[in-house]
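Whenever a hint applies, use it, and build me the whole structure from the sequences.
In order, the protein sequence lines correspond to chains X and Z. So the first sequence is residues 1 to 112, counted in the working numbering. So the second sequence is residues 113 to 226, counted in the working numbering.
Be careful, since some hints might not be right.
Unchecked claim - Pairwise CB distance ranges, derived in the manner of DEER restraints: (1) Z:Ala113 <-> X:Leu55: 12 to 22 Å; (2) X:Ser99 <-> Z:Ser138: 24 to 34 Å; (3) X:Glu68 <-> Z:Ser124: 26 to 36 Å.
What the hints assert, rightly or not - Below 20 Å or equal to it, Euclidean Cα-Cα: the simulated SDA-like pairs (lysine to any residue) are: (4) X:Lys14 <-> X:Ser87; (5) Z:Lys213 <-> Z:Asn173; (6) Z:Lys213 <-> X:Gly72; (7) Z:Lys213 <-> X:Glu52.
Just so you know, the hints here were simulated from the structure itself, not pulled from any lab data. Note that the coordinates shown come from a computational prediction; the quantities given were computed from them, not determined experimentally. For each residue, glycine too, the CB sits at the ideal point set by N, CA and C.
Spelled out from the first residue to the last, the chains are:
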Amino acid sequence: DTGVSQNPRHKITKRGQNVTFRCDPISEHNRLYWYRQTLGQGPEFLTYFQNEAQLEKSRLLSDRFSAERPKGSFSTLEIQRTEQGDSAMYLCASSFAESQAFFGQGTRLTVV
Amino acid sequence: AQSVTQLGSHVSVSEGALVLLRCNYSSSVPPYLFWYVQYPNQGLQLLLKYTSAATLVKGINGFEAEFKKSETSFHLTKPSAHMSDAAEYFCAVTLTSGTYKYIFGTGTRLKVLA
Numbered sequence: 001d002t003g004v005s006q007n008p009r010h011k012i013t014k015r016g017q018n019v020t021f022r023c024d025p026i027s028e029h030n031r032l033y034w035y036r037q038t039l040g041q042g043p044e045f046l047t048y049f050q051n052e053a054q055l056e057k058s059r060l061l062s063d064r065f066s067a068e069r070p071k072g073s074f075s076t077l078e079i080q081r082t083e084q085g086d087s088a089m090y091l092c093a094s095s096f097a098e099s100q101a102f103f104g105q106g107t108r109l110t111v112v
Numbered sequence: 113a114q115s116v117t118q119l120g121s122h123v124s125v126s127e128g129a130l131v132l133l134r135c136n137y138s139s140s141v142p143p144y145l146f147w148y149v150q151y152p153n154q155g156l157q158l159l160l161k162y163t164s165a166a167t168l169v170k171g172i173n174g175f176e177a178e179f180k181k182s183e184t185s186f187h188l189t190k191p192s193a194h195m196s197d198a199a200e201y202f203c204a205v206t207l208t209s210g211t212y213k214y215i216f217g218t219g220t221r222l223k224v225l226a
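Rendered as structure tokens:
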């Protein structure tokens, strides 16, 4: 098992463009979490899934953000009409029920 | 509401010296507390966690933390720093066991001097 995989690792986009990130959790992990980490800050919770159901969304997840986990396996996080304030590291984590959560290496987004 | 405060955004210690990273929490109910380490351009790795069992928790790489309810603290220590300990450390809290909807502190960057 290679752990939680996130792609791409880096993304540079122009303001106003849409971007999509992918997270592949550890096999058979039924819970998946998304966090955002800006420079000099700790990660902030965005949303989490149990299987394919999105159980909770933070108020940080504006209308421009959408996350899916269609088959209860991989997840995507899409940001529409990106803004410079969206520049951050986006982290994904997965766990099997209440067992330990494992984090991916993150996708660093730069909006220019 | 829950919150986590990490005192000291940067800490420097000499190799072989004691490492002490401070974390104070605020929670209206008994919390679950965690310490994570993050190396540059990497994800987070769990060092240790407190889930209402023993108040002194031992983790990986020689780290340990003590939960002190009276002081609302969960400071991270290591008796002897190693160069490889240089990284950013995050304290986190969650109210619900098994749900990793964390509230993280702002982090402490540890520098180890040769």
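Taking each numbered hint in turn, which are not upheld by the structure, reported in ascending numerical order?
The structure conflicts with hints 3 and 5, although it agrees with all the remaining ones.
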